[in-house]
Amino acid sequence: MWIETAHFGLTLAFFLAVLGCVVPLMGASLARRTWMELGAVAALGQAALVLFAFGVLTQAFVTSDFSLRIVAVNSHTLKPMLYKVAGVWGNHEGSLLLWVLILTAFAAAVALLGRALPTTLRARVLGVQSAVTAAFLAFILWTSNPFERLPVPPFDGAGLNPLLQDPGLAFHPPFLYLGYVGLSVTFSFAVAALLEARVDAAWGRWVRPWTLAAWLFLTIGIALGSWWAYYELGWGGFWFWDPVENASFMPWLIAAALLHSSIVVEKRELLKAWTILLAILAFGFSLVGTFIVRSGVLTSVHAFANDPERGVWILIILCAFVGGALVLFAWRASALETRGVFSLVSRESALVANNVLLAVSCFVVFVGTIWPLVAEMIFDRRLSVGPPFFDAAFTPFMVALAVILPVGSAIPWKRATLGKTMRRLVPALVLALAFMGLAWSIQTNNSLLGPIGLALGVWLVAGAATEVFTRAAGRWSRLTRLPLADWGKATAHAGLGITIFAVAALTAWEVEDVRVMQIGERVSFGGIGLELRSVENVQGPNFLSEKATFVVFDGANPRAPIFAEKRFYPVAGMPTTEAAIFNGVMRDIYVVIGDAQAGGGWAVRSFIKPFANWIWAGAIIMALGALLSLLDRRHRVAAGAGRKP
Amino acid sequence: MKFLTFLAAIVLAGASFAVEPSEVLDDPILEERARSISQSLRCLQCRNESIDESNADIAQTLRVLVRDRLLAGDTDTEVVDFVVTRYGEYVLLRPNGRGANLVLWLAGPVLFLVTVLGLWLVAKAAKPRSDGVPLTPQEEAALQELLARGDEKGPERHEV
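Sequence lines, in order, name chains A and B.
Each residue of the first sequence is one higher than the one before, starting from 1 at the first, in this note's numbering.
Each residue of the second sequence is one higher than the one before, starting from 1 at the first, in this note's numbering.
Honestly, I wouldn't trust all of these hints.
[Stated by the list, open to error] Heads up, simulated EDC-like pairs for lysine to aspartate or glutamate below, C-alpha to C-alpha not over 20 Å straight-line: (1) A:Lys414 - A:Glu269; (2) A:Lys547 - A:Asp595; (3) A:Lys547 - A:Glu531; (4) A:Lys547 - A:Glu232; (5) A:Lys547 - A:Glu521; (6) A:Lys414 - A:Asp200; (7) A:Lys547 - A:Glu578; (8) A:Lys414 - B:Glu140; (9) A:Lys414 - B:Glu145; (10) A:Lys547 - A:Glu565; (11) A:Lys420 - B:Glu145; (12) A:Lys547 - B:Glu20.
Source of the hints: derived by calculation from the structure; they are not laboratory data.
Extracted from the complex, chain A is given alone in its bound form:
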């Protein structure tokens, strides 16, 4: 009964979305106020209806209602409650419904928070947003109905991929979707601006908080996914340049570029057409990402739920919206005239350089991701594009970005002299070079990667600190009075430095050890001791496991025991490995247990992973920086919380 009501509610939301698209857009061009006002009502209505449908679906998963097809296929009574709930979006239909729920939630947020926006702009933003919602609701209702019943409900469900039964992954998709879909708001703002044929400083200010929010969520989502891969996939990798990872990374890069170019629009009314283009591309890449994940055209480790036919729908939506927006852009872009000039050495130039580097690196990732497809279809060559390509082709642009970042973020607007800015940064530069030398002399191998990564990290962190201090005119008392946006900027840049350093350090200085260990044997490698205490069979709630107990030794002192497992999930018929991880600030000790050996003992693969946790700490610091900026009064005002004279 509830199920059918929810299905009906979803259909109603579709018609409301069509209405909420057509009427406000027409109202805006015909200057009819009441028609425009309908946009907000329709947005709130859609959000309420989709929320209801999502709630009913969640209830069905929680109560294990196996008369619902997707519950029967994806859930199981034995599954812990957290994963029953996470199962709602652990499948194609449910994840699309979550996507639409977030889409309508953002539209409702614009309707509620955007009261200060000009009436026509707000109506157009909501109209475009409703158009996207209508397209996705049509997709759900016609091809991926989550409320499909089974004529004969099974006695129990078919379970969920055991790899996905993990807290890191349970929350990974919602954050990623908040980021992807958050970019729909900037897209709607861009299309609305094109319809209005007007982009000014105010537009730049309005669009920034939404970009910040989307980028913040994407950062957290990507970090969660990477962290999950690190401890769950069993060999401690944190980034695989997998198509699905790239799908989330491309919008992140473009959104980062957009964040910076919209500052130029806000402060100097320059780069207007470019910023509009970035806003369109950012959401375009979100749709490409959805297409890649949902269609499975590019097979990957992550392809848990995909279906090529449904991919065609997403491709149509993608072409219609991005294509339409680009046509509109080509038609109107010349009308967005630019005022003002700036010299080669200026903040404007630095932000242009930032945008060029981010856009080009995104392009490299894009070409690398689709190349196997292109090569097979056009050149009839079956080939792979893996991590070695991306490491070689992507890294130089990121290094260049990190090198110019502290200079660019400190340089004044319009016209500046490099010498003056550089003089302030001399201490940061000296510190970075000193650390590089130190790392070079301490490290045991001849890798350049570690020292350079460390130097870049120190350069970024010290550069950010220098900038905060300069802004406060060198007085501690002024630090607390700095605008939050300044703190946000410095924090995010420092976070990037930490992540760059950690990635380089982990890649360059990891120590690995593969051997056979007897029960009770203690070995030492890389300065630590490791003892295999026991291996026993254990039964979990929905799995069986061989559980090994290790003890890490620091000299002769035993530290806390750690546990490595090989699990088997009978319902899914699938084995997984659980690594034993001894977390530390400076390094993780990461141990994986293998097979029992014929001559007694167990195969054991152990790693010392220096600064592993710093990778995600850096990402969280970047997200924190975005949050600080978002909380700045100027952005709260811009989001429409109140109107400034």
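Using the hints, position chain B against chain A.
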């Protein structure tokens, strides 16, 4: 339950893990080379995993093959070429730069250079032309002073 334990024993025994201790070569330098070659070869059955990371049987076969060739005295390139002639260029995680693959490798650098060149041309065209009358030294000094003052307060002034 007994049946499940039995099943688990079979399946878990089958799930071997990446590099086995028995595969590791005694010579650490040779082993290091084997590892770095393995990281650049794709496991044919897997999705985007190198043979160094993969648990699949084919990956193990390839790992052993790589080590055998190394023991036989092949150079790194010879080993990779040997695997490619057997299994095709699909095994290469780092695609070669031959033929159409040039597009893949050059896409980023070329786009970057074209953008920089384009920006340079635009900047040159947009440069405000002087009307031919040079500033007097006094005017120049006054201008520099104004600009220097503007620099210090630049960003704040434009905030609303």
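Hints and how they fare:
{"no.": "1", "hint": "A:Lys414 - A:Glu269", "result": "holds, 12 Å"}
{"no.": "2", "hint": "A:Lys547 - A:Asp595", "result": "holds, 12 Å"}
{"no.": "3", "hint": "A:Lys547 - A:Glu531", "result": "holds, 14 Å"}
{"no.": "4", "hint": "A:Lys547 - A:Glu232", "result": "holds, 15 Å"}
{"no.": "5", "hint": "A:Lys547 - A:Glu521", "result": "holds, 17 Å"}
{"no.": "6", "hint": "A:Lys414 - A:Asp200", "result": "holds, 18 Å"}
{"no.": "7", "hint": "A:Lys547 - A:Glu578", "result": "holds, 9 Å"}
{"no.": "8", "hint": "A:Lys414 - B:Glu140", "result": "holds, 18 Å"}
{"no.": "9", "hint": "A:Lys414 - B:Glu145", "result": "holds, 15 Å"}
{"no.": "10", "hint": "A:Lys547 - A:Glu565", "result": "holds, 4 Å"}
{"no.": "11", "hint": "A:Lys420 - B:Glu145", "result": "holds, 15 Å"}
{"no.": "12", "hint": "A:Lys547 - B:Glu20", "result": "holds, 19 Å"}
Violated hints are absent here; each numbered hint is respected by the structure.
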